[in-house]
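Here's the letter readout for the chains.
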Amino acid sequence: MELLGYYNYWVFALLLMIGFYAIIARGNLIKKLLGLSIFQSAVFLMYITMNKVEGGTAPIIQKGVEDQIFSNPLPQVLILTAIVVGVSTTALGLAIVVRIKDTYGSIEEHEIFEADESE
Amino acid sequence: MNISEHLPALQVVVPLLSAPIAVLLSPRGLAWAAASAASLMAFAIAIAITTGVLNGHTFYYEMGGWSAPYGIALGVDAFSALLLLIITGASSAALIGGRASLESQIEDHRQPLFYSAWLLAVAGLIGIVISADAFNIFVFMEISSLASYVLISGGPDRRALPSVFKYLVMGTIGATFYLIGIGLVYMMTGTLNLADMEARILDVADQSPILVAAGFITIGLALKAAVFPLHAWLPNAYTFAPHAVTVFLAACATKVALYVLLRFDFFVFQQNLDGHNFQFSAFLMPLGILAVLCASAYAVYEKNLKRLLAYSSVAQIGYIILGASLVSSEGLTAGSMHMFNHALAKGCLFLAVACLALRFSKLNLSDLAGAAKVMPWTMAAFVIAGLSLIGVPGTAGFISKWTLLTAVMGIGIGGLFLALVIIISSLMAVVYIWRVVEATYFEASKNDQLKVKEAPLGLLLVTWLAALANIYFGFNSALPMELSSAAADLLMGHLK
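Chains as they are written, first to last, in the numbering used here: chain A, 559 to 677; chain B, -5 to 490.
Treat the hints with caution; some may be incorrect.
Dumping the calculated DSSO-like pairs for lysine-lysine here, alpha-carbon to alpha-carbon at most 30 Å [to be verified]:
#1 B:K356 x B:K367
#2 A:K659 x B:K297
#3 B:K367 x B:K297
#4 B:K447 x B:K297
#5 B:K356 x A:K659
#6 B:K367 x B:K160
#7 B:K297 x B:K356
#8 B:K356 x B:K160
#9 A:K589 x B:K160
#10 A:K659 x B:K160
#11 B:K356 x B:K447
#12 A:K610 x A:K621
What follows is a list of derived Cβ distance ranges for each label pair [said to hold, decoys possible]:
#13 A:W568 x B:L18: 45 to 51 Å
#14 A:F628 x B:D197: 20 to 26 Å
#15 A:I576 x B:D102: 26 to 32 Å
#16 B:I41 x A:W568: 48 to 54 Å
These aren't lab readings, by the way, just hints derived from the structure by calculation. Built from N, CA and C at the ideal position, the CB exists for glycine as well.
Go ahead and model the full structure; you've got the sequences and the hints to work with.
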C-alpha cells in the first residue's frame, strides 16, 4: 500500500519516460518537441506534489483562524518560473522548426540528414 | 555606500540591462558598439572583483537586502572570479575582434536582436557563476542556453538549424535533469541556498533521495558540459555557428557547466554521502580518459577545420574532468588552470578561423591549401595557439599540462597510466595541429586564391593579442595559478 501511496511520483516517472521515449524514438521534429514538453511537464508535477501537506490549505493568514496547516508555497513559485522557461524553450524550438521547414522543405529528421549528405 | 560592495550585482545587471537597449539601436554598428561597451564594462568589473579576491576579500551580496536563506544571495570566491574573467574576456574579444566577421554573417536587420541575445548569453553565464542559489543557477542556465541557441542559429549556414535543434533538445534534457536533482534535494533539506543546503544535508536521515539527486545533477550538467560521451551536440553546433559566436562559446560555455558540476559535487554532496569521493572518481575518470583519447582521435581524422577544433574542445574538457576526478588539491588546481588556458588557446584558434573564414569560402583543410602564403599573420597566430593547445613549453598550455602531469604522478602507480594517456593524447594534438600546418604552409595554393589578402586589421589585432596572451601566461602564470590553487583549496576545504 505504501508504494501505491506514492502514485503521484509514479505518474511523474511514467510521464518523464513517455516524454523521453518520444524525444529519442520519433524522427519528426514537432513530435520530438511534444516529447520534450511532456518531459518538462513531468517535473512540474513532481514539484507540485512535494509541496502538498496533508490537510494543508493555501498559505493565507486569516483573522480568527489559528493553528492552520499550510501547504508549502515555495515549490509552486519555483515551478511557475520553470513553466515560463519551458514555454520559451518550446517557442524557440518551434521557431527553429519553422526555419528548418523553410530551408529544407521537411521536418523529418532523416530527410534533413539526407539533404545535407547529398550537398 | 561603497560602489565596490555592489560589484557582484553590477556584474550581472550591466549586460542584462544592456540587452533590451541593444534591441532599440537599429542603425548599423550602434548595437554592436553598445554590446561591446557592455561586455568591456563587465570585463572591467570582473577584473575589479578578481583584484579584490586576490587581496583576500570575499564578495557576498544579498539581493534586495533579504538575508539568506530566505533571499537570493550572490557570492564570488576565487573559483568564480576565474570563470568571470574567462566569460567576460572571451565575450569582449569575440565581439570587438569579430566585428568584421559578424557584419559579414549576420543580416543587417537582425543585428540589434542578435547582439541583444549575445548580451543575454553573457548575463546568463555570469549569473550561473555568481549565484549562490541552486534554483537561480537553473534560471540563469536557461537564460544563457536559450540565448546561445539564438546565437548559433543566427548565421547564414542552414546546417546550423538542425544542429541547434539537437543542442536545444539535449540542453533542455540536461537542464531538466538538473531541475529534478535540485527538486529532490529541496524535498529532503527544504532549502535552495547552496551553503545552507550543505549544512542541512548532514541531518537528512534517508540519504537515498540525495544520492539520486547527485546522479541527476551530475548527468544533467555533464550533458551541458559536453562530457564524453554526452558531447553529441557540440561538434556541429560549434562548426555551423557564426565564427565569432564559436570563439565566445568555445571559450566559456561548457566550462561554466563544469563549474556548477564541481561546485555541487564538492560543496554540497561530497562530504555528506558515504563513499561519494570514490563514486565521483570512478564515474568521471573513465569518461575523462575516453574523452581525451576518443575525441582527439576524431580530431585527427576530421577534414573540416572548425569541427576538428570542436572535437579538440571535447578532448580538453576531458583533461579538466581528469584533473577534477583525482579529488586532490593538485588535480583540481590543474583542472581549473586548464579551464583558463584552454579558453586562451581555443579562443585564439577560433579567432584565427574567423580570419580565415573571411577570405576563404569553405573551411575544409583541402580548401585552405597554401593559406599561410597569403595570410601569414593569421596563420602565425594560429600556430602559436596550436602550440599552446599541444602544451609546448613557453606557452600557457604547457603550464596546465605540466600541473596535470604532476598531479596524476602524485597518486602512485595508477598515475603512470594516466600520464601515458595524457601524453598519447598530446601527441594526437600534435598530429591534428600539424595537419592544419601542413595544409596551409606546405601545400601549393589554388589559383583562385592568389588574390586573397590578409584578414582585416581589427580582427587580426585581437587574434594576436590572444596569441601573445598565450605566450605571456606561459611565462608568467602567477594570476591563473593563484586563482586556481585558491579555488582548489576552497573545493577541497569542504571535504571531511
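Is the Cα-Cα distance between A:K589 and B:K160 30 Å or less? Status holds; Cα separation ~13 Å.
Run the distance test for A:K659 versus B:K160: straight-line Cα separation, threshold 30 Å. holds (15 Å)
For the pair we were handed, B:K447 and B:K297, check the Cα-Cα distance against 30 Å. holds (24 Å)
Is the distance from the Cβ of A:W568 to the Cβ of B:L18 consistent with 45 to 51 Å? holds (50 Å)
Check the hint pairing B:K356 with B:K447 against an upper bound of 30 Å on the C-alpha distance. The hint holds at about 16 Å.
Verify the proposed pairing of B:K297 with B:K356, using a straight-line Cα cut of 30 Å. holds (11 Å)
Do the alpha carbons of A:K659 and B:K297 lie within 30 Å of each other, as the hint requires? With Cα atoms ~28 Å apart, A:K659 and B:K297 stay inside 30 Å; holds.
B:K356 and B:K160: Cα distance at most 30 Å? holds (23 Å)
Hey, A:K610 versus A:K621, does the alpha-carbon distance stay inside 30 Å? Given pair A:K610, A:K621 holds - Cα atoms ~23 Å apart, limit 30 Å.
Can the restraint linking B:K367 and B:K160 be considered satisfied, given a maximum Cα separation of 30 Å? Outside the cut-off at roughly 38 Å; violated.
Return holds or violated for the Cβ distance of A:I576 and B:D102 against the range 26 to 32 Å. violated (44 Å)
Verify the proposed pairing of B:K356 with A:K659, using a straight-line Cα cut of 30 Å. holds (25 Å)
In this structure, the earlier hints numbered 6 and 15 are contradicted, and the remaining ones agree with it.
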